[in-house]
Amino acid sequence: MGKRVVKNQGLDRRTFLKVTGAASVSVMTSTFGVPTLLRAAPSTIKIGSVQPATGPLAVIGVGQRRGNQLAVDYINSKGGIQSLGGAKLELLLGDSESKPEIGRSEADRLIKEGAAVMTGPFQSGVALAISTLCEQRQVPFVMDVAALDKITEKGYKHTFRVFITVKGLLTGAVKYLKMVTDLKGVMPKRAVVTNTADAFGKGMSGGFVKFMEKSGLPIEIVDKVQYPLGIHDLSAEVARIKAAKPDILFPVSRPGDGIILARELYKQRVELMGIYGPGSPGWYEPDVIKDLDKLIYYVMINVPWINPHSTVYQQANAAFLKTHNKYLDTNSAYAYTGVLVIADALERAGSTEPDKVIAALRQTNYKDYPVVGDPIQFDEKGDNTGALTALIQVQPDPDPLKRVKIVAPKEFAQSDEIVFPAPNLWER
Amino acid sequence: MTRLYIFLASVFTVLMALPLVLDNYVLGIFVMIYFWAYVGQSWNVLTGYTGHISLGHALYIGIGAYTTTYLAQSFGLTPWVGMFIGGLIASVIGLLLGFLGFRFGIRGVYFVIMTIAFAEITRLIVSHIEAFGSFTGIFLDFDPSFSNFQFRGNVPYYYISFGLMIASLIAVRLIEMSKLGRFMVAIREDEEAAQALGVNTFKYNMIAIAISAFMTSLAGAFYANYIFYLHPNTMFGMATSIELILRPIIGGLGTIFGPVLGSFILTPLSEVSRAYFAKGGLEGLHLVLYGILAIFVVIFMPKGIIIYAQRLLEPIIRTKPGKAKS
Amino acid sequence: MDVTLALQLIVQGILLGGIYGLIALGLSLIFGVMGVINFAHGQLMVMAMYISYWIFVLLGIDPYLSLVVVCAAVFILGYLIQATVVNRILDYPEAMQVLPLVAMGLIIENTVLLLWGPDHRSPQTPFSLETFWIGPVMIDVSRLIAFSLAIVITAVIFVYLKKTNNGKRIRAASDNRTGAILVGINVDRINNTSFGLGAAATGAAGVLLLPLMPLSPHMGHDFTLTAFIVVILGGMGNLIGALVGGLILGVAESTSTLFLPATLKQVVSFTILVIIMLFRPQGLFVGKK
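As they're listed, the protein sequences go chains U, D and G.
My numbering numbers the first residue of the first sequence as 56 and each following residue consecutively.
My numbering numbers the first residue of the second sequence as 4 and each following residue consecutively.
My numbering numbers the first residue of the third sequence as 582 and each following residue consecutively.
Hint data in this document are derived by calculation from the structure and do not stem from the laboratory.
Cβ coordinates follow ideal geometry from the N, Cα and C atoms, glycine included.
Among the hints, a few may not be true.
To be verified - Rough simulated footprint, nothing fancy, chain U against chain D, three-plus residues with beta-carbon under 8 Å:
hint, region
1, 75-82
2, 127-139
3, 230-240
Unchecked claim - Cut-off 27 Å, straight-line C-alpha distance, at most; resulting in silico cross-link-like pairs (DSSO-like, lysine-lysine):
hint, chain 1, residue 1, chain 2, residue 2
4, U, 300, U, 265
5, U, 233, U, 257
6, U, 133, U, 233
7, U, 300, G, 743
8, U, 257, G, 749
9, U, 205, U, 436
10, U, 279, G, 846
11, D, 206, D, 182
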């Protein structure tokens with residue numbers, strides 16, 4: 056495809072084009088072309104947050120954004136980043152629409168807008184996309200929530216994860232299961248695992264099955280039922296669960312599933328010793344607790360959770376309540392923590408240069424934060440060695456908002472009592 | 004016509020030079036403009052020119068993406084070769100669909116639904132095949148090199164997608180001017196009449212869908228190595244199928260520059276509306292506005308925006324009277 | 582094979598199928614009269630569900646009781662959509678007709694998202710948890726009510742079309758548009774009414790589904806596709822066919838979980854669709870509208 060060389064015609068046009076071309080070049084260079092690094096020490100430091108603000112996970116995405124913002128406001132109220140002359144943090148918002156390719160594009164946009172560090176994105180798929188991008192653009196990426204192990208197994212040096220990995224989740228799940236069955240002297244024999252058919256659901260349930268096999272617990276997993284993400288009717292699936300005659304159910308679910316599942320189990324009179332979630336949403340959200348009322352009692356979930364005894368939590372929770380009229384839930388609390396960790400690293404780095412920030416992140420030893428866990432330290436893959444899960448159980452209480460209680464580990468527990476086996480759903 | 008060519012050449016030069024002055028993010032928008040223009044053009048071959056509406060064209064993007072990736076990850080085959088293998092497979096699937104459709108006389112609305120069914124069935128089946136990543140999807144490793152079809156900045160991607168778009172323009176122009184093209188349009192206008200006049204409509208329908216499928220699947224190969232993530236819901240899903248028809252329809256169905264124009268208008272618009280409307284509390288607003296715009300354009304500019312663009316550029320292009328540009 | 586399980590699945594399939602039939606009825610009516618595939622069909626259903634939900638939550642009125650009001654509201658919405666958008670595109674080539682309706686669906690879905698947020702909502706209506714047992718087979722009371730009402734509503738629509746003057750005009754317009762214009766029927770108004778009616782039918786199905794499934798802004802799309810399949814099964818424009826097609830599809834989907842993972846349910850539906858289109862495109866039931 057060659058250009059036609061034109062001798063006499065179109066000279067005017069050529070000049071016109073040249074002039075506009077030159078003009079646009081200069082405009083564009085000044086607006087887009089100046090790299091952040093060449094500017095003087097900034098008076099605001101931009102943190103890019105990509106969350107699933109629209110789409111099926113929007114509830115969580117919006118909560119994450121709020122958590123990120125709350126922490127930014129908190130740090131700024133304390134004077135910003137002292138080592139950078141009191142520079143204030145500014146949160147840039149991106150919406151992944153629950154899709155990795157959009158998450159990636161949004162991250163690129165935020166980086167162009169000057170984000171020095173990226174955070175987010177709740178979904179493991181989006182996290183993988185963004186971590187690849189951040190490696191390409193050489194921008195540190197501190198994930199607040201995303202569990203898939205693979206994300207940190209690519210050897211990317213810009214990726215860090217505050218949340219627990221799937222492996223960590225499963226270790227906790229088996230550990231607490233052993234603890235409960237030991238404590239109560241009751242052992243289920245048959246179990247069914249259910250999961251939503253998405254990356255997290257499949258990864259968690261498949262991993263859980265393997266961990267259970269290696270655990271030495273004499274529980275046989277007699278059926279595995281998988282259903283599409285966003286499903287609205289689980290009657291056929293529950294009929295199948297019932298036919299398998301399980302003693303215990305291990306659901307890996309998404310928001311919304313828990314309600315449908317519980318109601319269907321009730322309707323079809325499925326007899327279970329209990330419902331034990333290896334680690335997934337759908338069972339502890341305030342709406343779920345209110346809607347299901349007695350049906351949700353005694354469900355146990357192994358999950359990263361807020362630390363009600365932490366002063367950081369109490370203060371952040373109060374602020375969150377005031378602004379959003381909602382309690383600070385675990386995902387938003389992790390979003391809050393992510394920003395705290397970033398701010399801490401920036402403070403120690405005294406710079407926004409990626410290499411310095413990464414070096415500072417590697418030295419992290421962060422103690423006071425709003426969720427259950429040991430001090431936050433990053434290993435060579437970027438994973439948080441201090442990440443822990445808690446075992447929570449929904450227990451009767453006149454106030455629905457107080458029903459979720461941490462029952463393990465001991466130092467974070469809110470209740471001494473664990474109920475297992477639980478009375479049948481229809482006998483309450 | 005010389006003026007038209009000068010105009011096109013000028014635009015071409017400017018676009019070729021843009022990577023020298025634009026940053027990665029803006030270049031990325033252009034990459035997507037060219038990408039969607041190319042895909043829309045590929046779809047245009049079947050729907051705009053031959054008149055068979057496909058609402059499941061994402062099927063071919065998916066085939067291209069998954070084939071290339073699978074061959075690259077399992078056999079180390081460079082996507083530059085893999086994408087043509089993907090193209091062949093896509094053509095075969097397209098021919099299969101075409102055979103069932105055209106032989107059994109499935110037309111109009113029914114053909115549309117059949118294209119949807121094919122895409123959905125493929126989506127669901129691929130979601131269950133572990134080798135293709137099942138529900139997790141496939142995450143491509145970032146290992147930049149020319150043979151891997153992966154690059155660090157956006158500049159190479161810019162030129163590749165630009166090249167694809169230009170190639171599709173040339174291909175469609177060649178088709179337009181050939182016997183094949185004339186028969187395709189005849190089929191679109193009135194298939195039965197064409198048959199009555201002795202045209203082997205079945206043969207030309209099949210050729211059209213094979214070409215369309217092949218071209219579309221190359222885009223899939225590009226996409227896989229640009230976004231680094233494949234998921235059956237995106238690759239074969241209805242959302243993608245709908246996204247890809249927007250630009251040619253709004254730009255101008257059955258015209259060479261329709262898909263390009265449509266993409267230049269819609270893609271940046273989509274990007275901007277998402278960036279500026281999706282701020283806290285207004286999640287979803289940008290999609291509402293997007294929908295309203297689409298309805299507005301279809302109702303008030305049914306032949307596509309290209310008609311207005313042509314009128315606007317009339318003094319510069321000044322085509323001979325009576326020689327329409329589509 | 583577990584016979585109890587199979588029976589349970591068949592019963593559930595039949596009951597859900599009645600609702601599928603009602604949704605498809607609306608789609609079929611719209612296609613029969615206007616020749617337009619309503620890609621926003623599922624979203625209209627979702628809108629109805631939200632209206633009914635808010636009436637329940639704010640006024641405490643059970644969905645079954647607010648059914649008529651909700652249908653009226655959706656009827657008006659459908660009427661307006663036809664009047665403002667669809668009437669203008671009736672003569673356009675099919676590719677151009679697809680887009681405005683798809684866009685309409687996008688608008689409705691995201692308006693719902695904007696207004697009421699993305700949360701799943703699962704109201705516990707009085708009948709939500711009621712069941713009774715026939716031997717080992719559990720029957721969901723709300724599912725049974727939904728099924729029965731769906732049949733009743735279908736019958737009502739059928740009678741309306743056959744017996745009333747307006748109904749006859751609708752049928753005339755769908756049979757022969759030019760002829761209808763010639764005999765003085767205000768085809769535009771008939772189109773508006775038909776779309777409204779079709780929307781109301783799917784809206785009714787939505788209200789009936791409310792006690793059974795949680796509500797979220799994005800659930801419409803799947804129901805649109807299901808409606809397509811049922812309509813092809815039963816025959817485009819064939820209303821009784823839509824109902825029976827719904828039952829067939831409901832049972833097929835439900836029993837497929839006996840030997841296929843639940844996530845492949847839709848492959849069964851789509852394969853049925855393709856087979857019908859190849860070998861019996863007019864649908865399983867040759868009949869009048």
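Hint by hint, here is what the structure shows:
Counting residues of the region 75-82 of chain D whose C-beta sits closer than 8 Å to any C-beta of chain U gives 0, which falls short of three, so the coverage hint is violated. For the region 127-139 of chain D, the proposed coverage by chain U is satisfied: 4 residues have a C-beta within less than 8 Å of a C-beta in that chain, meeting the threshold of three. Coverage of the region 230-240 of chain D by chain U holds in this model, with 5 residues showing a Cβ closer than 8 Å to a Cβ of that chain against a need of three. Of the supplied pair hints, the one linking residue 300 of chain U and residue 265 of chain U holds, its CA atoms being roughly 21 Å apart against a limit of 27 Å.
Between the alpha carbons of residue 233 of chain U and residue 257 of chain U the distance comes to roughly 23 Å, so the proposed pair stays at or under 27 Å and holds. The suggested pairing of residue 133 of chain U with residue 233 of chain U is violated, with an alpha-carbon distance near 44 Å, which exceeds 27 Å. Between residue 300 of chain U and residue 743 of chain G, the direct Cα distance comes to roughly 51 Å. Violation of the 27 Å bound is thereby established for this hinted pair. Using a Cα cut-off of 27 Å, the hinted pair residue 257 of chain U and residue 749 of chain G is violated, with the two alpha carbons roughly 54 Å apart.
A threshold of 27 Å between alpha carbons decides the hint, and for residue 205 of chain U with residue 436 of chain U the separation of about 10 Å falls inside it, so the pair holds. Of the pairs offered as hints, the one joining residue 279 of chain U and residue 846 of chain G holds, with about 16 Å between alpha carbons and a cut-off of 27 Å not exceeded. Taken as a hint, the residue 206 of chain D and residue 182 of chain D pair is honoured in the structure, with Cα atoms around 13 Å apart against an allowance of 27 Å.
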